[in-house]
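Participant: Read off the chains here:
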Amino acid sequence: MAGELSVAGADLELIDVRKDFPGFTALDDMDLHIPAGQFFALLGPSGCGKTTTLRIVAGLETPTQGRVLIGGKDITDTKPHERPVNTVFQSYALFPHMTILDNVAFGLRQRKVEDPIAKAQAALDLVELGHIGERRPQQLSGGQQQRVALARALVNRPSLLLLDEPLGALDLKLRRQMQIELKAIQMEVGLTFLHVTHDQEEAMDMADTVAVMNKGRIEQMGAPEALYDRPKTAFVSKFLGQSNLFVGKVVDSNANSVSIEVGGSKITVDKKRAEKHEGTIAIGVRPEKATFHESKPTLGADHVLIGPGEIIDIRFTGVSNQYLIEVPNVGEITVFAQNVGKSPVVELGAKVWISWKVEHSFGLRDLPDGTEDLG
Amino acid sequence: MKALRSFWSGLKRGSLPVYALIALVFLLTPIFYTIVFSFNKSLRRNTVWNSFTFDNWTHICARQDLCSAVGNSIMISLISTLIATALGTALAIALVRYRFKFRSAVNFALFLPMATPEIVMGAGLAGLFFNAGVGPGFVPTVIAHVMFCLSFVVVTVKARVQTLDPALEEAGRDLYANPSQVFWKITFPLLLPGVLSAALLSFALSFDDFIITYFNSGSVNTFPKFIYVAAKGGVPAQANVIASSVFLLAIVIVLATQISSHFKRKRLQHVK
Amino acid sequence: MAFAAFGSSAPTTQGQTKSGRVVLALLLPGLIYLVLFFVIPLVSLVLTSLEAPAASGKIGEYVPGVDFANYSYVVTKYWPQIARSFGFAFLATIIALLISYPLAYFIGVKVRSRPMLQRMMVTLVIAPFFISFLLRTIAWKQMLADHSPIMEWAHQVGLMSPSQSFIGSEAAVVFGLVYNFIPFMTLPLYTSLERLDIRFLEAGSDLYASPAKVFRKITLPLSMPGIISGTLLTFIPIAGDYVNASRDFLGSSNTSMIGTMVDADFLQNRNYPAASAMSVVLMGIILILVTWYVRKSGTEDLL
Chain A
1 MAGELSVAGA DLELIDVRKD FPGFTALDDM DLHIPAGQFF ALLGPSGCGK
51 TTTLRIVAGL ETPTQGRVLI GGKDITDTKP HERPVNTVFQ SYALFPHMTI
101 LDNVAFGLRQ RKVEDPIAKA QAALDLVELG HIGERRPQQL SGGQQQRVAL
151 ARALVNRPSL LLLDEPLGAL DLKLRRQMQI ELKAIQMEVG LTFLHVTHDQ
201 EEAMDMADTV AVMNKGRIEQ MGAPEALYDR PKTAFVSKFL GQSNLFVGKV
251 VDSNANSVSI EVGGSKITVD KKRAEKHEGT IAIGVRPEKA TFHESKPTLG
301 ADHVLIGPGE IIDIRFTGVS NQYLIEVPNV GEITVFAQNV GKSPVVELGA
351 KVWISWKVEH SFGLRDLPDG TEDLG
Chain B
1 MKALRSFWSG LKRGSLPVYA LIALVFLLTP IFYTIVFSFN KSLRRNTVWN
51 SFTFDNWTHI CARQDLCSAV GNSIMISLIS TLIATALGTA LAIALVRYRF
101 KFRSAVNFAL FLPMATPEIV MGAGLAGLFF NAGVGPGFVP TVIAHVMFCL
151 SFVVVTVKAR VQTLDPALEE AGRDLYANPS QVFWKITFPL LLPGVLSAAL
201 LSFALSFDDF IITYFNSGSV NTFPKFIYVA AKGGVPAQAN VIASSVFLLA
251 IVIVLATQIS SHFKRKRLQH VK
Chain C
1 MAFAAFGSSA PTTQGQTKSG RVVLALLLPG LIYLVLFFVI PLVSLVLTSL
51 EAPAASGKIG EYVPGVDFAN YSYVVTKYWP QIARSFGFAF LATIIALLIS
101 YPLAYFIGVK VRSRPMLQRM MVTLVIAPFF ISFLLRTIAW KQMLADHSPI
151 MEWAHQVGLM SPSQSFIGSE AAVVFGLVYN FIPFMTLPLY TSLERLDIRF
201 LEAGSDLYAS PAKVFRKITL PLSMPGIISG TLLTFIPIAG DYVNASRDFL
251 GSSNTSMIGT MVDADFLQNR NYPAASAMSV VLMGIILILV TWYVRKSGTE
301 DLL
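Protein chains in written order, with this note's numbering: chain A, 1 to 375; chain B, 1 to 272; chain C, 1 to 303.
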């Protein structure tokens with residue numbers, strides 16, 4: 001079955017694509033290349049331009065400028081119904097006046113493919129809904145509708161499958177389950193998937209490559225682990241997980257590292273993990289990479305040490321405890337500590353020092369307020 | 001005392017259903033009367049109950065002029081419904097789906113005919129035809145009927161277009177349907193219920209119209225005109241027969257669609 | 001046929017000309033119709049109302065002019081009809097609203113849990129649309145005629161003095177108008193009450209509002225759109241109606257309305273300028289009243 005649906009996906013290229021709407025620019029000279037067969041996620045908050053990108057690829061919007069290429073072929077001026085692209089819509093957009101089987105067979109019939117019903121049935125079987133072909137969309141649950149929408153797109157064997165927040169309407173548990181299924185189907189059919197979402201966990205979980213979008217631009221692109229480990233902008237560091245960010249002037253710089261001074265503490269980052277090496281820069285660390293100590297520890301130069309500070313809030317989230325520590329002249333720092341039974345017994349108001357390994361620091365290109373320090 | 005209070009609260013609770021029942025009976029009484037008197041073996045005037053007969057139903061066209069008036073009415077209503085529905089549906093789609101200059105002006109212009117009393121529209125059109133040297137007759141009547149049905153069609157279809165998710169049409173385009181296929185395979189079937197009810201409303205308005213018709217039809221007789229003129233001397237029982245059969249037909253159609261959609265919905269819920 | 005050219009976007013230059021063509025194709029036929037057979041007739045009505053009798057003095061012949069004499073003529077001669085038309089419309093609209101509201105409330109809110117019954121009741125409300133309103137009015141005329149059982153009873157109980165007839169009175173005309181327009185009032189009321197979220201009412205009672213207060217503060221304001229469109233759909237046609245007031249139906253020569261005079265001047269006396277002036281007066285007063293009413297109720301977007 002999978003063999004019948006699988007085709008080599010094609011690669012997608014956006015060259016210098018811009019989209020202006022009256023009063024604002026949704027996409028700002030975007031360049032993007034998605035290799036064939038990839039699961040690619042566009043991640044960003046609402047209004048960041050990710051859906052516009054997807055609609056331009058589908059042909060539902062015309063770019064103000066720029067070219068769109070699929071498999072090397074320029075399709076910028078090709079109409080939606082003539083593009084080798086199919087979409088799973090956010091609302092699923094199943095035709096309410098047709099049965100499920102007719103919905104899935106719609107694209108096949110339009111293209112006059114032979115034996116549309118048998119192929120549609122096979123696609124429904126793939127998403128494990130082969131038994132409900134005669135029902136109407138209104139009779140299905142959200143998760144079932146989602147899978148039908150997927151089958152309806154997949155059955156056409158598009159070079160590129162577009163997914164517009166396809167899991168957004170599902171509840172959390174179903175969403176996680178569908179993520180696994182969707183990923184499995186993608187591996188099975190080997191198509192190029194372009195997935196648009198605002199759910200970072202979903203993007204990180206499923207995609208080979210994630211592009212984080214903000215204000216009509218791609219802020220950073222890469223493998224999920226790399227993005228998380230080394231965010232390059234303040235936006236990415238905050239949108240993907242949480243970060244503690246420190247801003248200060250570079251006071252120390254050698255072959256391997258740069259250091260800034262914040263409120264009397266020295267914060268160091270490896271040079272190869274920093275985007276900027278002079279002036280005022282921001283250095284960050286993930287809360288789970290930091291630990292705290294009830295007495296001042298003795299640590300080498302391979303550690304950053306801040307403190308003392310006061311614990312002002314403790315949250316129990318099950319797997320870990322989240323501590324909020326106020327350090328005079330530095331600000332608030334969040335530290336996650338695993339709940340492994342031997343967690344340090346601290347109470348609100350306790351005096352603690354915070355430390356992490358220098359190799360966990362990351363240096364940003366911009367400052368937390370989004371501006372870049374030009375001086 | 002307690003009994004009195006519970007009686008009073010029971011009365012209060014029961015009063016709304018009783019009121020609704022009385023109001024509905026009030027609405028339906030003249031209909032009932034009209035149907036009953038279609039079975040009256042009337043003398044010259046069908047005003048007093050004489051005796052029961054089927055004669056009026058078996059000899060509907062005993063009054064030839066009545067039957068030809070009804071024929072005219074059906075023709076006029078059919079033609080004007082067709083034209084008004086086509087024009088109105090196009091307007092409704094444009095008004096909901098497109099942003100253009102003067103959109104609110106067009107909306108207002110389409111509201112105005114509904115805010116115009118029939119007598120004004122009727123006299124205005126009759127004056128126009130008179131000034132243009134076109135005598136009243138069949139065509140002016142159809143033109144007038146299309147005009148007063150148009151706004152009602154727009155309002156009805158607009159409501160339906162508004163409920164239509166644009167993503168459905170986009171999905172159609174995405175699935176290789178060209179613009180005209182999208183319209184005929186997706187947009188139109190989904191709008192159809194709205195278009196049909198607009199057409200029904202249009203037909204009902206047109207069939208029952210008297211004032212505008214009176215001003216523009218000249219020597220062409222219609223069913224309402226026949227009744228209006230006959231009211232002076234006495235309406236023949238055959239008019240009741242025709243009105244009753246139109247009524248019963250319409251009610252049966254409405255009830256049938258309602259019952260079928262009720263059970264369809266129930267079945268849908270059941271499967272879920 | 002490019003219906004698919006919709007879209008939330010601002011079209012590009014290419015898209016704009018295309019979707020512009022589509023909009024024109026959709027709009028133009030209807031708009032041309034509207035201009036030809038609605039706007040022009042209204043303008044010609046105004047022009048006709050300013051015409052003067054032809055020098056030949058022949059009945060039915062007039063020359064274009066700017067003669068406001070027609071207006072002073074109709075206003076001085078027909079002011080009772082003008083007053084009656086709007087008085088009847090006002091009264092009948094209020095009575096129809098009072099009768100329709102509880103009915104619409106019952107169908108739209110109370111019967112909501114039983115959709116089948118609700119549909120049946122709505123069908124009964126619109127049932128009168130399916131049968132000639134002229135015949136229904138004649139039915140009332142005969143049911144309420146002198147010596148009819150209902151009137152015999154009314155005389156006996158003393159509701160009316162034996163010498164009085166109901167048919168032919170102003171009360172009978174208002175009665176007929178109310179009856180004929182109840183469905184036009186009930187339907188929009190029902191539509192807005194049917195959408196009313198019962199949780200609002202429950203929240204109201206939860207917050208210690210008495211039933212009367214819940215009605216005044218929540219139900220009534222939320223059903224305002226229905227009240228506005230219901231009253232408009234009732235008031236406007238009633239002001240222009242003259243069938244109920246006709247002596248062959250429920251009225252007499254003492255109940256004539258504006259429409260009666262337009263009919264007489266236009267179709268019998270062939271005094272087109274007077275009939276036109278009368279129509280313009282009717283339309284003008286309605287427009288002023290409706291504008292004031294819509295502004296006052298703050299529902300301009302309703303249109």
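Treat the hints loosely; a few may be bogus.
Simulated crosslink set (BS3-like; lysine-lysine; CA at most 30 Å straight-line) [as the list claims (entries may be wrong)]:
{"id": "1", "chain 1": "B", "residue 1": "232", "chain 2": "A", "residue 2": "79"}
{"id": "2", "chain 1": "B", "residue 1": "185", "chain 2": "A", "residue 2": "119"}
{"id": "3", "chain 1": "C", "residue 1": "296", "chain 2": "B", "residue 2": "101"}
{"id": "4", "chain 1": "C", "residue 1": "77", "chain 2": "C", "residue 2": "58"}
{"id": "5", "chain 1": "B", "residue 1": "232", "chain 2": "C", "residue 2": "296"}
{"id": "6", "chain 1": "C", "residue 1": "58", "chain 2": "B", "residue 2": "266"}
{"id": "7", "chain 1": "C", "residue 1": "77", "chain 2": "B", "residue 2": "225"}
Taking CB as the label site, the calculated pair distances span [what the hints assert, rightly or not]:
{"id": "8", "chain 1": "C", "residue 1": "79", "chain 2": "B", "residue 2": "163", "range": "42 to 50 Å"}
{"id": "9", "chain 1": "C", "residue 1": "24", "chain 2": "B", "residue 2": "134", "range": "23 to 31 Å"}
{"id": "10", "chain 1": "B", "residue 1": "82", "chain 2": "C", "residue 2": "60", "range": "32 to 40 Å"}
{"id": "11", "chain 1": "A", "residue 1": "130", "chain 2": "C", "residue 2": "123", "range": "47 to 55 Å"}
{"id": "12", "chain 1": "A", "residue 1": "69", "chain 2": "B", "residue 2": "258", "range": "53 to 61 Å"}
{"id": "13", "chain 1": "B", "residue 1": "218", "chain 2": "C", "residue 2": "59", "range": "12 to 20 Å"}
{"id": "14", "chain 1": "B", "residue 1": "99", "chain 2": "C", "residue 2": "87", "range": "39 to 47 Å"}
The hints are simulated quantities; they were obtained by calculation from the structure and are not laboratory data.
C-beta atoms are modelled at their ideal positions from N, C-alpha and C, and glycine is treated no differently.
Participant: Using the Cβ atoms, figure out if residue 69 of chain A sits within 53 to 61 Å of residue 258 of chain B.
Facilitator: Between residue 69 of chain A and residue 258 of chain B, where Cβ atoms are some 54 Å apart, the hint holds.
Participant: Holds or violated: are the alpha carbons of residue 77 of chain C and residue 225 of chain B at most 30 Å from each other?
Facilitator: At roughly 28 Å apart (the allowed maximum being 30 Å), residue 225 of chain B and residue 77 of chain C satisfy the hint.
Participant: Given the range 23 to 31 Å, decide if the beta-carbon distance of residue 24 of chain C to residue 134 of chain B lies inside it.
Facilitator: Because 29 Å falls inside the window, the suggested range holds.
Participant: Between residue 82 of chain B and residue 60 of chain C, is the Cβ distance one that fits in 32 to 40 Å?
Facilitator: Once the Cβ atoms are compared, 35 Å apart, the range 32 to 40 Å for residue 60 of chain C and residue 82 of chain B holds.
Participant: Could you say whether the range 47 to 55 Å given as a hint is met by the Cβ separation of residue 130 of chain A and residue 123 of chain C?
Facilitator: violated (42 Å)
Participant: Check the hint pairing residue 296 of chain C with residue 101 of chain B against an upper bound of 30 Å on the C-alpha distance.
Facilitator: Roughly 27 Å separates the two Cα atoms, so the pair holds.
Participant: Sort out whether residue 58 of chain C lies within 30 Å of residue 77 of chain C, counting only the CA atoms.
Facilitator: The hint holds at about 22 Å.
Participant: Does the beta carbon distance between residue 79 of chain C and residue 163 of chain B stay inside 42 to 50 Å, or does it fall outside?
Facilitator: Taking Cβ atoms as reference, residue 79 of chain C and residue 163 of chain B lie about 48 Å apart, which means the hint holds.
Participant: Do the Cβ positions of residue 99 of chain B and residue 87 of chain C conform to the proposed distance bound of 39 to 47 Å?
Facilitator: Holds, since residue 99 of chain B and residue 87 of chain C (Cβ atoms, about 44 Å apart) stay within the stated range.
Participant: Next pair to validate is residue 232 of chain B with residue 296 of chain C; report whether the Cα-Cα distance is within 30 Å.
Facilitator: violated (43 Å)
Participant: Take a quick look at whether residue 185 of chain B and residue 119 of chain A sit within 30 Å of each other, Cα to Cα.
Facilitator: holds (21 Å)
Participant: With the threshold set at 30 Å, check whether the alpha-carbon distance from residue 232 of chain B to residue 79 of chain A stays at or below it.
Facilitator: violated (67 Å)
Hints 1, 5, 6 and 11 from the list above are not met by this structure, while the remaining hints are.
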